[in-house]
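Student: Based on the hints, put chain B in the right spot on chain A.
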Amino acid sequence: MQPRMNAIALAAVAALTLVACGKEEPPKPAQQAAPAPAAAPAPPPPPPTITVTIGHVAPMTGGIAHLGEDNANGARLAIEQANAAKISIDGKEAKFVIVAEDDQADPKVGTTVAQKLVDAKVAGVVGHLNSGTSIPASSIYSQAGIPVISGSATNPKLTEQGYKTQFRVVGRDDQQGPAIASFLAANNKPKVVAIVDDATAYGEGLANEVEKTLKAAGIKVLPREKGTDKTTDFKAVLTKLKGRNPDAVFYGGMDATGGPMLKQARELGIKAVFAFGDGACTDKMAELAGAAAEGLICSQAGIPPQAASKQFTDGFKTKFGKDPILYSPFTYDAAWLLIESMKKANSPDPAKYLPELAKISHRGATGLIEFDEKGDRKNAEITIFALKGGKVEPIAVVQGGQTMAYNDFLTKLATSAGAVVQQVKDAAASATTAAGDAAKAAADAVKK
Amino acid sequence: MDIFIQQVINGLTLGAVYAVVALGYTMVYGIIQLINFAHGEVVMIGAMIAFSVVNLLAGSGLPPIVIVVLATACAVPLCMAVGYTMERVAYRPLRNAPRLAPLITAIGISIILQHLALMIWSRNPLAFPQPVKSVSFHIGEATITNIQLGIIFISVAMMAGLAWMIYRTRLGAAMRATAQNAQVAGLMGIDSDRIIALTFIIGAGLAAVAGVMVATYYGIAHYTMGANLGLKAFCAAVLGGIGNVPGAMLGGVVLGIVEALGAGYIGDLTDLCRWPVVSGWLGERCGPDQHFVLFGSNYQDVFAFMVLIAVLVFRPQGLLGERVGDRA
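Taken in sequence, the protein lines are chains A and B. Heads up: the first sequence at position 317 corresponds to 317 in our numbering, and the numbers run straight through without jumps. Heads up: the second sequence at position 284 corresponds to 284 in our numbering, and the numbers run straight through without jumps.
Just chain B, same shape as in the assembly:
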């Protein structure tokens, strides 16, 4: 049971990060029906900038928490600038082009950002400094660190803030209006270009924070770290119903837990020697202390994509989806 609780804690932490990144995908999709595949790279850029700032301030004698906050405070506006530039350069000129064109520029931007990071921060895995000492708290045999708690707390706070902004402010109303029908919203006096740019900026800001959280959590930053994370967050967004903000939050958390539990238990579940019918058939290969594991924990990364396929086949609109899948 402790192990189960531990896996859920791991999954929650991972899921909180997925959720924050997934919000960036889903907000952009909700407004201009574009899947911004470069979003994962914004997460990476955020982590890299924070890496540089933390290293710069490491010897300054500031309290660790201040260093992390300052690093995040540098990463967020810079990533927002990246997000804005991305929209301005690669997507706005293609606003009325066929749907495939901006998808291709998105992939182009993703490659450009990766290689830019490669040139600035090198190909080596960077040991992300750990200004905040990790402290473990025990729940029975399971442990949760202060960093995990911080990640969950910050993610929830950001998601709450975003929900408040979308549903309770004029800007949010304008965003929702643009999402419903950009032309009509324009006729009502909403500058839809500005709203779209703001959507990118907000998404990039969230991604920057996610980048700092991931790098702090694993203690490593690398120029390819955004690619896989971005794809999984995209799966989370689809799982929740792409274009749907609460859906992205739910999808992220569900995906994180599915992944953790899946990687934790698939090896035991597919150990053929545990199943009497098959183990009899396997005969000698299942002696005492013998195992015949069909799928091991190396399938961890596969779960997100299995979930993606399952959702697209059985419930294309996602868990909380209001839109129809065929728009993608």
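Here chain A stands alone, though its shape is the one from the complex:
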């Protein structure tokens, strides 16, 4: 693995050196004329190309490798579509290359990988998957001035550090936590709630937000119980909880630990409603917990993959032969945001396109994306799911503190998309067609 990675890094460096050399040449008039109408008498010379390397970081191995692969595939799809669209930057045809790195969901490896990408002088980074790896890595990217967009790190701290290069296209835990907590409070009306977390930056952060919201709603919250991200035996903790008889249990952690926990809870005869954050909001819960998983509720920052634009879902299915799992629509959008802002700035130089990225307004696979001054997405949606028949199904969407049923949300999405359809038609005519398809996808989703 290592030698091959080095080879990729070397290739990336080499490519960037070429880019740097290319920039020094004055633009030749012939190049400017090359994409001109077919009236040109001689066949145009092959347009010069410019290679732009984009990094992607996620755990490609370990307990959540399936989510890492999903994230990487989202970015790969965007890169492939961008290459097919023959986007021109600075008068040259841009060839985008993705370098997918593995951070093993480990903060230490995360910073090493970040440094590696910085040393390889990538133009931008999509990732990391986990909050625990994104936060330490963010300072490295910031020092190097390389824009980084996470499609899945939800810990608020990530964008609270004041780094101008850090963005995210998903909601934050302090949006997700309150959303699932207020849904739980309104829908299940529990009197006593137990909260368990896996002692990671993600799990604990999310659990803290849930606890805050529940307490504010006047619901009694039991003292926090904790496992680790490798715990399989939750019996002792659950038995203790059983003695307190909670009406609901919230677990801040991933599916690899949440599944066994839920299974053991039902074996012990705990009848409480179980709620989870996005890390355990996958179909794998049904696999790991069996019948016990039925009826759990969970939240995902953003909208479910099946509600993403048709251009994304179809393209993903065709290219990878499987359905998107969780955050791939977001990494797809993140990669497109980098490409779009490079296009707007007419340069793959991070210093030049960063201001464009900060003020971008892009209609991607997950809807309209605009950033606030911290780099968080404005008006991010949080979707509430329930597990029915072995699959997580969306049941409600929380946006800006408002809860609406999932079907109402789709209707709203379709109408709002319809309103902008004229405006985006122009954009659709250009190299990227993401915008038009977003509208179409929403309409199609309603038809279903």
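Just so you know, these hints were derived from the structure itself, not from any lab. Since this is a predicted model, take the numbers as computed values, not measurements. Every residue gets a Cβ at the ideal spot worked out from N, C-alpha and C, and that includes glycine. A portion of the hints provided could be inaccurate.
Said to hold, decoys possible - Going by beta-carbon spacing under 8 Å, a handful of chain A positions derived as facing chain B:
1. GLY63
2. VAL118
3. LYS121
4. PRO156
5. ALA199
6. ALA201
7. THR228
8. VAL237
9. GLY243
10. ASN245
Tutor: Chain B in isolation, oriented as in the chain A frame:
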């Protein structure tokens, strides 16, 4: 009280598994004074093989209990082969080397086995199929499942069988003789290499069954599952007195119960707001419904190692130890 009973049931189940794994450590230590740190990985290999077999047979229409028995029947001989190979390759060539050398190869073997499993069964946590439906029985408010009962029963049966073999058969006598003094036993006509290999094989067989039990109990198998389990079983073996077979059984059960009760009650016991002296000092932080928990249930894994330290400090020979601690 129901909660207490439930915690004891949880602890007993866990302890039964620890005991079976601890036997593998203690038997090997008893005979060649080697701590076989790769033993936990044999448990994992057992679980993984069973995982593959159960998946293979899942669609065959056989009754679930037969599938589990067949899976175990495949896992046991394969793990025995792993145990034998381990002894032959990593320990026998170092029989007369300094004590540290085989300890280091043991760690090497453990890493090799983990990565072998990683390559074969991937890094992902595998959902261990549940051929046997879990049925809960109620004792007051406490529940015990058929799987828990099965684990306790099988563990006790295996331990009884092992005790019978060690104390009532010629092979057992030969093992005990080799443990006491391998050279003299050799002079009496005992092939000590063969006895040592058999010890590894028996330990690996027990580990394979333990692996199947753990994976069935938690419904999950992972290539790192053996590491922590092995360390805890090692603690259990030391607690009982390493090298002592009944000690390993007792140590396992005690450790399981200590762990379950510890994780279940440490949060309440170290909730400073429950103690009037301290809560007064904490003042506002201890309002109604407020808690200030010093050590939470995340310290669950720490108990085994606290027990290990306490035993090594206060009673190095262990609960039933006959040997002196300095041999380790």
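Student: Just pull the numbers of the violated hints for me, sorted ascending.
Tutor: When the structure is compared with the hints, numbers 2, 3, 4, 6 and 10 turn out to be violated.
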